[in-house]
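Visitor: Residues per chain are reported as follows:
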Amino acid sequence: MSRVDPRVKLFWVMLCTSGALIFVRLPWMAGLLLFCRLGTFSFGADRKALRGRLARFLPLFLLILLVHIVFVRTGTPLLFIRKYPIVTFDGLMRGATTLMRFFIILCSAAVMAGENTRRVLAAFSKMKVPYLFSFMLMIALRFLPTFSTSFSDALIALQLRGVELKRLSLVKKLRLYRDLLLPVVADAVVKSRVLAVVMEARGFGAMPRRTSYLEVRMTLRDWVLTGVLFVLGIVALGGYYFFP
Amino acid sequence: MTVAISVTDLVFGYQKGNFTLSCPHLRLEQGKLSLITGANGSGKTTLAKLICGILRPSGGSVQIFGQATSELSLGEIGRQVGYLFQDPSRQLFAGTVWKEMTFVDHLLESEQGTSTKKAQDLLDRFGLGELKSRSIYFLSGGEKQRLALCTILMGEPRFLILDEPTVGLDKQNRVILYDILDDLLREGRGIAVITHENELIERFAGAPQIKVERGQVSL
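Protein chains in written order, with our numbering: chain A, 1 to 244; chain B, 1001 to 1219.
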């Protein structure tokens, strides 16, 4: 299944992320999560990388859960401190739904991250998306790891100057990240300018049309899969409309 | 002579790829310059990163002034060993030369007077005194490298590891760098220089050479 046409994967990602944004109730989100997990592994996402990414986002996920638990005051109270309700049923449900939403988005991203960039570009080309636009999109996505590397390099260099990050107070840590963010973004801008010059020097965009050796073709399996996904999408939307 | 860095039965392999570095035994002495030589991709930078604690070994141990790096945080290692990246731009991140020099002291809210004087002295000594307000993006390769070295020396590490410090430098900047290295040695610091350039190897001909070939470290 990992060799499925990138357009099918894009359609699947569109369904999952749209569902994640539309659904607000836990049972629907749980169903979508199940569907998303099934697709993630069928489409050959890198499980180890996904696990790593989830572990990295775990503190943020917990914070989101905590914020929902603390600030959603509606629903049946489940836990009190003296007379004040601390945890409500609605807070828990909304927290869990939001966590699932993030999880679905990460899983969808993992599937596209595992796809060959050239195949995705070829798929965009077949969908009549202008090459310049799709190429820019791929470059932008490729810049995310560069951005992250620059940030971690800066943190390593700083620690090797004798700064112990773990001993810094939260305020100082936040100030540090704020101070590092601007130069790291500036570095990314400098790199992108260099890349633009290099691309131009290689004649990028010089001709009105661009030919490609690699072409992606929808096979019968891809069409069937697209059809199944389409029907599932319609059924889910209809079901959600009548039984929200 | 004090042993600054001691490596025993070190083994390291990257998760992706089949490169493995192995170093059965290595000692780098304080107050001396050692050369780490080898071809591109032989594992010189990996060895340096293992010594500095940027990478953690899968086997064996690295000791810095008698303390195992496995028991030290990166910050604690950094206070004893300074590391100059192959590309110094990677370790410069403040807006101007002066902000770069005082970044750590500003962050830790150290005594401003002392750090200001130290920063000014270092910049003057490394020929960067006139460039205090210049943006780091408008520095030449040689200036960036000297600035990166200055920022490392702000923390007064006892040992320095310089990763291919002569790459991209013209003759004049190379001579400045050699003089700086001589000065640092006179101060009693230990230095390990990663290089494959003959000029540097000849300039420090008497220095012990550590050879790295296809991931195998030998003296």
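Careful: at least some of the hints might be erroneous.
Simulated crosslink set (DSS-like; lysine-lysine; CA at most 27 Å straight-line) [stated by the list, open to error]:
1) K48(A) / K1049(B)
2) K173(A) / K1132(B)
3) K1144(B) / K1117(B)
4) K1099(B) / K191(A)
5) K191(A) / K1016(B)
6) K1132(B) / K166(A)
7) K1049(B) / K166(A)
8) K173(A) / K1049(B)
9) K173(A) / K1118(B)
10) K172(A) / K1016(B)
11) K1144(B) / K191(A)
12) K1132(B) / K172(A)
Source of the hints: derived by calculation from the structure; they are not laboratory data.
Visitor: Does each hint hold? Answer for all of them.
Guide: Structure-based check of all given hints:
1. A hinted pair counts as satisfied when its Cα atoms are at most 27 Å apart, and K48(A) with K1049(B) qualifies at roughly 25 Å.
2. The hinted pair formed by K173(A) and K1132(B) meets the criterion: a straight-line CA distance of about 26 Å does not exceed 27 Å.
3. A C-alpha spacing of about 21 Å is found between K1144(B) and K1117(B), which places the hinted pair at or below 27 Å, so the restraint holds.
4. Our distance criterion of 27 Å between C-alpha atoms is met by K1099(B) and K191(A), whose separation comes to about 22 Å.
5. Annotation: proposed proximity of K191(A) to K1016(B) holds, straight-line Cα distance about 25 Å (limit 27 Å).
6. Using a Cα cut-off of 27 Å, the hinted pair K1132(B) and K166(A) is violated, with the two alpha carbons roughly 31 Å apart.
7. Restraint check: the Cα-Cα separation between K1049(B) and K166(A) comes to about 21 Å, which is no more than 27 Å; the hinted pair holds.
8. Between the alpha carbons of K173(A) and K1049(B) the distance comes to roughly 25 Å, so the proposed pair stays at or under 27 Å and holds.
9. Our distance criterion of 27 Å between C-alpha atoms is met by K173(A) and K1118(B), whose separation comes to about 25 Å.
10. The hinted pair formed by K172(A) and K1016(B) fails the criterion: a straight-line CA distance of about 35 Å is larger than 27 Å.
11. Taken as a hint, the K1144(B) and K191(A) pair is honoured in the structure, with Cα atoms around 17 Å apart against an allowance of 27 Å.
12. Between K1132(B) and K172(A) the CA atoms are separated by roughly 25 Å; this keeps the pair inside 27 Å, and the hint holds.
Of the numbered hints stated above, those contradicted by the structure are hints 6 and 10, listed in ascending order.
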